[in-house]
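S.K.: Chain by chain, the residues:
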Amino acid sequence: MFLGKVVGTVVSTQKDPKLRGGKLLVVQHVTMDLEPARGFAVAMDSVGAGQGELVICASGSSARMTEVTEGLPVDTVILGIVDSLEIEGKIVFRKEEEG
Amino acid sequence: MFLGKVVGTVVSTQKDPKLRGGKLLVVQHVTMDLEPARGFAVAMDSVGAGQGELVICASGSSARMTEVTEGLPVDTVILGIVDSLEIEGKIVFRKEEEG
Amino acid sequence: MFLGKVVGTVVSTQKDPKLRGGKLLVVQHVTMDLEPARGFAVAMDSVGAGQGELVICASGSSARMTEVTEGLPVDTVILGIVDSLEIEGKIVFRKEEEG
Amino acid sequence: MFLGKVVGTVVSTQKDPKLRGGKLLVVQHVTMDLEPARGFAVAMDSVGAGQGELVICASGSSARMTEVTEGLPVDTVILGIVDSLEIEGKIVFRKEEEG
Amino acid sequence: MFLGKVVGTVVSTQKDPKLRGGKLLVVQHVTMDLEPARGFAVAMDSVGAGQGELVICASGSSARMTEVTEGLPVDTVILGIVDSLEIEGKIVFRKEEEG
Numbered sequence: 006m007f008l009g010k011v012v013g014t015v016v017s018t019q020k021d022p023k024l025r026g027g028k029l030l031v032v033q034h035v036t037m038d039l040e041p042a043r044g045f046a047v048a049m050d051s052v053g054a055g056q057g058e059l060v061i062c063a064s065g066s067s068a069r070m071t072e073v074t075e076g077l078p079v080d081t082v083i084l085g086i087v088d089s090l091e092i093e094g095k096i097v098f099r100k101e102e103e104g
Numbered sequence: 006m007f008l009g010k011v012v013g014t015v016v017s018t019q020k021d022p023k024l025r026g027g028k029l030l031v032v033q034h035v036t037m038d039l040e041p042a043r044g045f046a047v048a049m050d051s052v053g054a055g056q057g058e059l060v061i062c063a064s065g066s067s068a069r070m071t072e073v074t075e076g077l078p079v080d081t082v083i084l085g086i087v088d089s090l091e092i093e094g095k096i097v098f099r100k101e102e103e104g
Numbered sequence: 006m007f008l009g010k011v012v013g014t015v016v017s018t019q020k021d022p023k024l025r026g027g028k029l030l031v032v033q034h035v036t037m038d039l040e041p042a043r044g045f046a047v048a049m050d051s052v053g054a055g056q057g058e059l060v061i062c063a064s065g066s067s068a069r070m071t072e073v074t075e076g077l078p079v080d081t082v083i084l085g086i087v088d089s090l091e092i093e094g095k096i097v098f099r100k101e102e103e104g
Numbered sequence: 006m007f008l009g010k011v012v013g014t015v016v017s018t019q020k021d022p023k024l025r026g027g028k029l030l031v032v033q034h035v036t037m038d039l040e041p042a043r044g045f046a047v048a049m050d051s052v053g054a055g056q057g058e059l060v061i062c063a064s065g066s067s068a069r070m071t072e073v074t075e076g077l078p079v080d081t082v083i084l085g086i087v088d089s090l091e092i093e094g095k096i097v098f099r100k101e102e103e104g
Numbered sequence: 006m007f008l009g010k011v012v013g014t015v016v017s018t019q020k021d022p023k024l025r026g027g028k029l030l031v032v033q034h035v036t037m038d039l040e041p042a043r044g045f046a047v048a049m050d051s052v053g054a055g056q057g058e059l060v061i062c063a064s065g066s067s068a069r070m071t072e073v074t075e076g077l078p079v080d081t082v083i084l085g086i087v088d089s090l091e092i093e094g095k096i097v098f099r100k101e102e103e104g
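Protein chains in written order, with the working numbering: chain A, 6 to 104; chain B, 6 to 104; chain C, 6 to 104; chain D, 6 to 104; chain E, 6 to 104.
Chain A extracted, bound-state conformation (with noise of 0.2 Å):
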């Protein structure tokens, strides 16, 4: 799986019928130090994430075994929002607490 922030969303009508009521959300990959990296994906989501969320991704068929996602022509799921990230022993990120 790979890290990546929440940066967009794409506005598709005209698409696969499957992919209906389906949010594809615009992923920008980042670097371990969360840095952004080069490449980017578009991902459909399928845990609510927000903008500017650290999110985990899953590729290819693997994108297609969450219930959301089940027998879809995707290849990338968002299915995780990063709570925290621990490197070396570190935490080098921790998402900030809501309300």
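Treat the hints with care, since some could be wrong.
Given that identical chains are not distinguished, each listed pair holds provided it fits within a single copy or across any two copies.
The calculated lysine-lysine pairs, modelled on DSS-like cross-linking and capped at a C-alpha distance of 25 Å, are [stated by the list, open to error]: (1) K28 - K100; (2) K23 - K95; (3) K100 - K23; (4) K28 - K95; (5) K95 - K10; (6) K28 - K10.
Everything labelled a hint here was simulated from the structure, so no lab data went into it. Keep in mind the model is a prediction, meaning the values are calculated, not measured.
Please arrange chains B, C, D and E on chain A, whose structure you already have, making use of the hints.
M.R.: Then chains B, C, D and E, alone, in the frame of chain A:
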């Protein structure tokens, strides 16, 4: 999925029988700023995409999950035409109205 | 799918039994201008492609969706010989007539 | 498969239900000299790998072929901890004995 | 498929039970001129490849299509030992006779 721009067409008569009738388009990869990126793919069209349009493509086995491509030996499919693309809260692309 | 040029042949006798009888060709990746690009693949031929021809290849599980490659341990197949390629409204390639 | 070093942990509570209970580790790619290489992956652990260990990972649909990951939406799995690595006849890595 | 040279061996005792008995080799990618290319893979051997040999490898789900790898969590398999490689009409590699 990745975003690309339809830039061309491939014609092939000597091809796998299952591909007969399908339309093979050349899709140039683009960056999030919609500049040409390195690389391109030959994709089967499933939505009636036209020259110059910004499209969403799926790769791998997921490319066979549309009605048009089921069971076909294709690893890339155009499954949506982009109406609009919003990045960091700004509309960076909006499809021009026809007519 | 990707476009490539057939540049060579691989001969192997000590190989998976399922591959017997199949022809393994070396396909050089090309750019949209049909210049050699970085990288190449060994592909199983399913259409009778010849040395120097411009071909369309599928990768991954989709490479096993032709009659020739069904169930075989191959991840790249040549599934079409390009007759012509049109980019931005210009014919950039047309296969020479034989005979 | 690729070789990598376990360098971190991802915590996510808002995630696909199937991922509950699984451990998501950050695996840094390494070169054959075991230097850090570009790129990293978030992988589900199937063998009890620990921080700093050199591991073998599988990607794609093959990542779902372990008992731990069967049917899960994961595209990378840690499926082995490296005891030793021999390159060109030299042992370039040997896991330190514990205890 | 890709061409590579067997350069090493990975030993792992703490691994997925399905991998027991299989041999994991390190395969260095090569260019068409058989120079070392960037990157390497850990592949399961299905043909008895030896150190230094030039081999053909399949990746992804196709790597599970040999008798040796069926159902295993492996994404790369060595499925052939190269006898000879012809590029642009020239033999650029021929395996040395043994004995």
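S.K.: Does each hint hold? Answer for all of them.
M.R.: Structure-based check of all given hints:
1. Taking CA atoms no more than 25 Å apart as the test, K28 paired with K100 passes in both settings, with 22 Å inside one copy and 19 Å between copies.
2. In this assembly of identical chains, the alpha carbons of K23 and K95 never lie at most 25 Å apart, being 42 Å within a copy and 27 Å across copies at closest.
3. For a Cα distance limit of 25 Å, the shortest separation of K100 from K23 across copies, 22 Å, qualifies, whereas the shortest one inside one copy, 33 Å, does not.
4. Taking CA atoms no more than 25 Å apart as the test, K28 paired with K95 passes between copies only; the shortest distance there is 18 Å, against 34 Å inside one copy.
5. For the identical chains of this complex, K95 and K10 are neighbours both inside a copy (20 Å) and across copies (16 Å), given an alpha-carbon limit of 25 Å.
6. Taking identical chains as interchangeable, the C-alpha atoms of K28 and K10 lie at most 25 Å apart whether they share a chain (15 Å) or sit on different chains (21 Å).
Figure legend: structure checked against the earlier numbered hints; the only hint not met is number 2.
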